Amino acid sequence: MADRKQFATFWVDGHFFGVEVEKVQEVIRYQEMTRVPLAPQVVSGLINLRGRIVTALDLRRRLELRDREEQKLPMNVVVRHEDGAVSLLVDEIGDVLEVEESTFEPPPEALSSKARQLIRGVYKLKDHLLIVLDTEKAVKFDAVNSDLA
Amino acid sequence: MVWCATGFKKCPIAPITCAGAFSPIAKCFHLAIGEATTIGHRRNETMDEIVKEFLVESNENLEQLDRDLVHLESDPTNREKLASVFRTIHTVKGTAGCLGFSRLANVTHAGESLLSRLRDGTLLLNQEITSGLLAMLDVVREMLSNIEAKEQEGEGDYTELIGLLTRLQAGETAPAASANASDAKYAPETTPATAPPVAAPPPLGDLMVQIGAIVREQLATALRQQQDGDSRRIGEILVDQGAPPNAVVDALETQRDLRESAVAASTIRVDVGQLDKLMNLVGELVLVRNQILQFSAAQQDPGFQQTTQRLNLVTTELQEGVMKTRMQPIDTIWSKFPRVVRDLAMSCGKQVRLEMEGKETELDKTLIEAIKDPLTHLIRNSVDHGIESPDKRAAAGKPADGRLLLRAYHEGGQVNIEVSDDGAGVAIDRVKRKAVEHGLTSPQKAAQMSEREALDLLFLPGFSTAQKITNVSGRGVGLDVVKTNIEKIGGSVDIQSVAGKGTTIKVKIPLTLAIIPALMVATGGDRYAIPQVSLLELVRLEGEQAVKGVEMIHGAPVYRLRGRLLPLVYLKRELNVVGHVGKATRQRASVALDFSLARKKHLEWKKRLQEVLDGKLSMTEQQAGSHKECALGKWLYGQGLKEFGALSVMQEIEKAHQGFHVHVRGLLRSKASGDLRQAEEELSRVDVLSKEVVSILERVEDEVVSKYLVNIVVLQADDRQFGLVVDEINDTEEIVVKPLGKQLKGLTTFAGATIMGDGRVALILDILGLAQKARVVAEARDHGRAEKATPVCEQGEQHHTLLLLRGPNGSRMAVPLGLVSRLEEFPRSAIEHSGGQQVVQYRDEIMPLVSVAEVLAERRAITRELADSGELIPQNEKVQVVVHSDQGRNVGLVVDRILDIVDADLGKQRRATRAGTLGSVVVQGHVTELLDVDTIIRAAEPVFADQAKLEGVRA
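For the record, the sequence lines run as chains A and B.
Counting from 1, one number per residue, gives the positions in the first sequence under this note's numbering.
Counting from 1, one number per residue, gives the positions in the second sequence under this note's numbering.
Calculated from the structure, these hints are not laboratory results.
The structure displayed is predicted, hence computed values, not measured ones.
Note that the Cβ used here is the ideal one computed from N, Cα and C, for glycine as well.
One should not assume that every hint holds.
[As the list claims (entries may be wrong)] Some chain A residues flagged as far from chain B (calculated, every beta-carbon gap over 12 Å): (1) K5; (2) V27; (3) R50; (4) L65; (5) D67; (6) D95; (7) E101; (8) K114; (9) A115; (10) R116; (11) Q117; (12) I119; (13) H128; (14) L130.
[Stated by the list, open to error] In silico EDC-like pairs for lysine to aspartate or glutamate, Cα to Cα no more than 16 Å straight-line: (15) K691(B) - E70(A); (16) K742(B) - D83(A); (17) K742(B) - E82(A); (18) K738(B) - D83(A); (19) K745(B) - D83(A).
[To be verified] Simulated DEER-style distance windows between Cβ atoms: (20) E136(A) - S145(B): 33 to 41 Å; (21) G321(B) - G51(A): 57 to 65 Å; (22) F304(B) - R50(A): 21 to 29 Å.
Generate coordinates for the entire structure from the input sequences, incorporating the hints supplied.
Okay, here's the thing in structure tokens:
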């Protein structure tokens, strides 16, 4: 197992998150979205990514954090997934960081139980915590019976 | 190493004469012709390719053999088919031998010998022999699949089968000699019509030398004899000279094989994945073309526009062409069924006659794969459960042979497949009982159920009324899986049954998946696509018509469409969206309030009041005004409450709005009197109320506007019609259907999404899902024909649907709606002159325009004048045209004005008074002339002929 990993990082409601670099297809600025009526609130809409239709999920809602302010436009972190790409809406994009495995720890108690399910753990960096998001779990939810709506 | 009779080295484990050396599959041997050394039978790369081709061709052949044998069973003396079956087995045997598959070769050898006797006529095909041969085919298939998987034919012991085949041979024996002599005359002189210029197969004599039946000297002698005047065929001469007759036959057949394989070269095998890739690319191209069309519409450059049109044409043709490559006739699945039905009937002890209609009906390849299993299951059901045993049938007065009919046909953009039998039908009572037993429904519900609902029970998972579970059906996993699989591809299944008479199962599936024409609509500020296949017609109601047209029956909104009640579904409500109605729509609905401005203004209040509190702005109560003085107030107490006061949402807005202004004034008072704490409280109330006002205003806008402007899209879902009310109706476009992500698949109201020409995403509505959600279609697919209100027809009336027009001089005219293809409107500028005729560019062709006024005799004098001045077309900016299609060609009838579509009673018609009309009738209280469309068009015919010439040149 390699002792250094690379993460694509971003901010969501003041929290600093990271996703393994290999999982990220691309990072792009705010794209106009088409809303999907009757879909759970987590689904912000659909975006046109070079001819492909990609579902955009609002991470704030997925993690049950406060909603973004109206004027602030989110950025898109497009992650690869077996059934196609999915875009995660985040507040701001950070750099690609390399972290030491030794600084890894299981998820903190402070987060809600639902949120903790989506988090694999944290890396203790110098100034703050890097929270590792489990993208597989983040994009999976049942649109019809979702209790997140 | 032993040399085989072909002259090439033979593998020591295949001690059979390599008679297949000239089969195109065993190409390797040709490479060594003339060389002393040989490639041998070693397994190398070339060999693997050869094996692969052998497998593919043999599998294809086996399918054909299945069909042939079943056919032969009822037509046992068909020599052609017997010979064909023989040849195929012969080839398989030969190649198997060459490739070292000795077991396969042995089995097919036994079959070949049996077939040889059948072909010769020394043995007559019967059921036992057929079964034996079919068993051999199954064994061959088994070995082929072993070869495919493990490169070996497997360890199976087939001595029993071989024994059976050998025993079957020992039927009658007739003198072989005479039979063979007549065979020798059989020379396939007819060359296939489409023989491509491939190397001709070697002449008979050479072939016989090569297979070792004769030696060169014999051939030379025979040829000399021929030259000397012997008029017999070479084969005959050789037999006379002592060549074995069988060898002649073999050689003749080999010759024919070679010829046939040359013909097959005109088709080509393509990997399906490759075709899928092409389809995707074409889909992308369609999207790009749509975008370019959008840009082009904004451009003035004629060169660019021309090129764009060309791109448009080419893309459309390419799309059609690629889709065609994936279309296969349903026969590719159906061809297996004769065998399946035969075996099944035999094992069930029943007699079944299979009939197939429409086997050339084409489907996309992926769909064919998807319905293969469901159809097989349905057929098994029919034979196992539906059709009774011969005894029972005789007792019921039916012929002993049960009839199983497969029908396939295109209808309304879908492929319909019917599986019907004339069996016992479905026993409704037993079905109900079983359902209650399995806990699928309660006894009370079962008692109340209609026959239709009871039949639907069969589709529930876990259902089975089979008395015993056979390995065919009865495990209770059948019909529900069929239904699920069919619905997965967007289709539907339906059962109809008459006790004692039979059962019919209807399957409907959409024709193409990827690119469909759709009508674009807008609701709540968003665009949605409605697949045209569900679209019946469009209705627009404005003003009074809108208010009166929407009636409430049992609390549900309906619209009376030509006498029929059409349930209405409001898309906004179903999708639960509120959105901003466009300015144009509002104007058409003649509502005097600018809602978005009103919303903005009320949100601004908070900011301004904050500034007042901070001292940056000063305002008195007077300046703020009362709640009746702002724009919203003026409207409310003017048009608003007067016209819409009855709507509950209006009461809400009045209250909220009043409260809002009360607190505004309260704030200003407090500020003036210095009570800052109170002022802050008022401000927070103002904040809350302003948001409330804005949100209620959205709903007000919706309901108010929608009261005065109703756009109805009449749709069909599953045999039921309903009207979908939307904010706006836009154009029809061709869209590429893209699936929704897994997270959204559960939303039944959407069938997918597409990318519009401007790059934005639009959702595609799933009409059936929408209808089910809105409950205009019962979940259990209740046809409920009785509920449709039928127009009351008195005796002697003949009702026809007519298109009403305003003719010259304000007179009324009508055209039967059946003759109308489309109604169009063109700007005057779009009308061009060509060949002395007025034409317009319409849907990629040049459509001639005929002025109705011109053709009607009365106005001839006037029309000549107008014609001279070139002003035959009415003066309006937009010209209304009724498009009539005749054998694929469009003609446009220019009329003054299109009025309406009505149902009229043509029973009381008056005779025609002038040419170009069929008579007159009273419609809606006005005397209306019925136009004779045919005559009118023919009057323009001379121009038509020119037109045809023009287009011939262009093509």
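Quick rundown of the hints versus the structure:
1. K5: Fine: 28 Å to the nearest Cβ keeps K5(A) off the interface.
2. V27: The assertion about V27(A) holds, with a minimum of 19 Å to chain B.
3. R50: violated (10 Å)
4. L65: holds (19 Å)
5. D67: holds (15 Å)
6. D95: holds (29 Å)
7. E101: Label holds. Min Cβ-Cβ 32 Å, cutoff 12 Å.
8. K114: holds (17 Å)
9. A115: holds (18 Å)
10. R116: holds (21 Å)
11. Q117: holds (16 Å)
12. I119: Given that every Cβ of chain B is farther than 12 Å from that of I119(A), nearest at about 20 Å, it holds.
13. H128: For H128(A), whose nearest Cβ neighbour in chain B is about 31 Å away, the distance exceeds 12 Å, so it holds.
14. L130: Answer for L130(A): holds, closest chain B Cβ roughly 26 Å.
15. K691(B) - E70(A): holds (14 Å)
16. K742(B) - D83(A): holds (7 Å)
17. K742(B) - E82(A): holds (10 Å)
18. K738(B) - D83(A): Between K738(B) and D83(A) the Cα gap is close to 13 Å, so the pair holds against 16 Å.
19. K745(B) - D83(A): Roughly 12 Å separates the two Cα atoms, so the pair holds.
20. E136(A) - S145(B): 33 to 41 Å: holds (38 Å)
21. G321(B) - G51(A): 57 to 65 Å: For G321(B) and G51(A) the Cβ distance comes to about 21 Å; the hint is violated.
22. F304(B) - R50(A): 21 to 29 Å: holds (25 Å)
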